[in-house]
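Asker: Sequence:
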Amino acid sequence: MAVSDYKTKSVLTAGALAEVLKHELHSDTVITEEWTEKILERASLPDCNCKLSSQMKSPLIHLEQTPKILPKLRQLAPQAILVGFKLLNQVSNEVLLNTARELLLKNSCDFVLANDSSQIHGDLHTAYLIDKDKTIGTYQTKEEIAVGIVEAVLSKGVYDRK
Numbered sequence: 000m001a002v003s004d005y006k007t008k009s010v011l012t013a014g015a016l017a018e019v020l021k022h023e024l025h026s027d028t029v030i031t032e033e034w035t036e037k038i039l040e041r042a043s044l045p046d047c048n049c050k051l052s053s054q055m056k057s058p059l060i061h062l063e064q065t066p067k068i069l070p071k072l073r074q075l076a077p078q079a080i081l082v083g084f085k086l087l088n089q090v091s092n093e094v095l096l097n098t099a100r101e102l103l104l105k106n107s108c109d110f111v112l113a114n115d116s117s118q119i120h121g122d123l124h125t126a127y128l129i130d131k132d133k134t135i136g137t138y139q140t141k142e143e144i145a146v147g148i149v150e151a152v153l154s155k156g157v158y159d160r161k
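Oh and the sequence shown: position 1 is 0 in numbering that gives the first Met the number 0, straight run, nothing missing.
Please note that the accuracy of each hint is not assured.
Using 27 Å as the maximum straight-line C-alpha spacing, the simulated DSSO-like pairs for lysine-lysine come out as follows [what the hints assert, rightly or not]:
id : residue 1 : residue 2
1  : 21        : 67
2  : 133       : 67
3  : 6         : 71
4  : 37        : 133
5  : 141       : 37
Everything labelled a hint here was simulated from the structure, so no lab data went into it.
Can you make the complete structure from the sequences, with help from the hints?
Answerer: Dropping the structure here:
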């Protein structure tokens, strides 16, 4: 339902990181974010977009945030009906719905589907579809979610955004 919030920046082995730290770390070293980035870059394997060998012992994966796409989509297609998705883990319904409303308002979404990963069990998948005024529906399966989103989008109509 959503693009990943992170992508691989680099891959390194624990041994490579330990070697760089052994040579670079002194007791008076102040650990800053920039210092950490420099160390990770020096210990990284070249071309981390390739397949990682199953022989690699203790791989460490360094992630970086990906850009948020909802604001870009709204900018590129201001008349489009935009559905955002918010997945949290083990939060109250109040926190989940408030976070979804914040996403909806911040990104000018027409709808946001909010769910909690702790409420996804096999075919059961509790989710809430909201618009700026209220919760439109509560769904219990992936099929119900899909139908609910389609019905909400169709009920909004193509011309409501003009």
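Asker: Can you give the numbers of the hints that this structure goes against, from lowest to highest?
Answerer: Numbers 1, 4, 5 - these are the hints that the structure violates, sorted from lowest upward.
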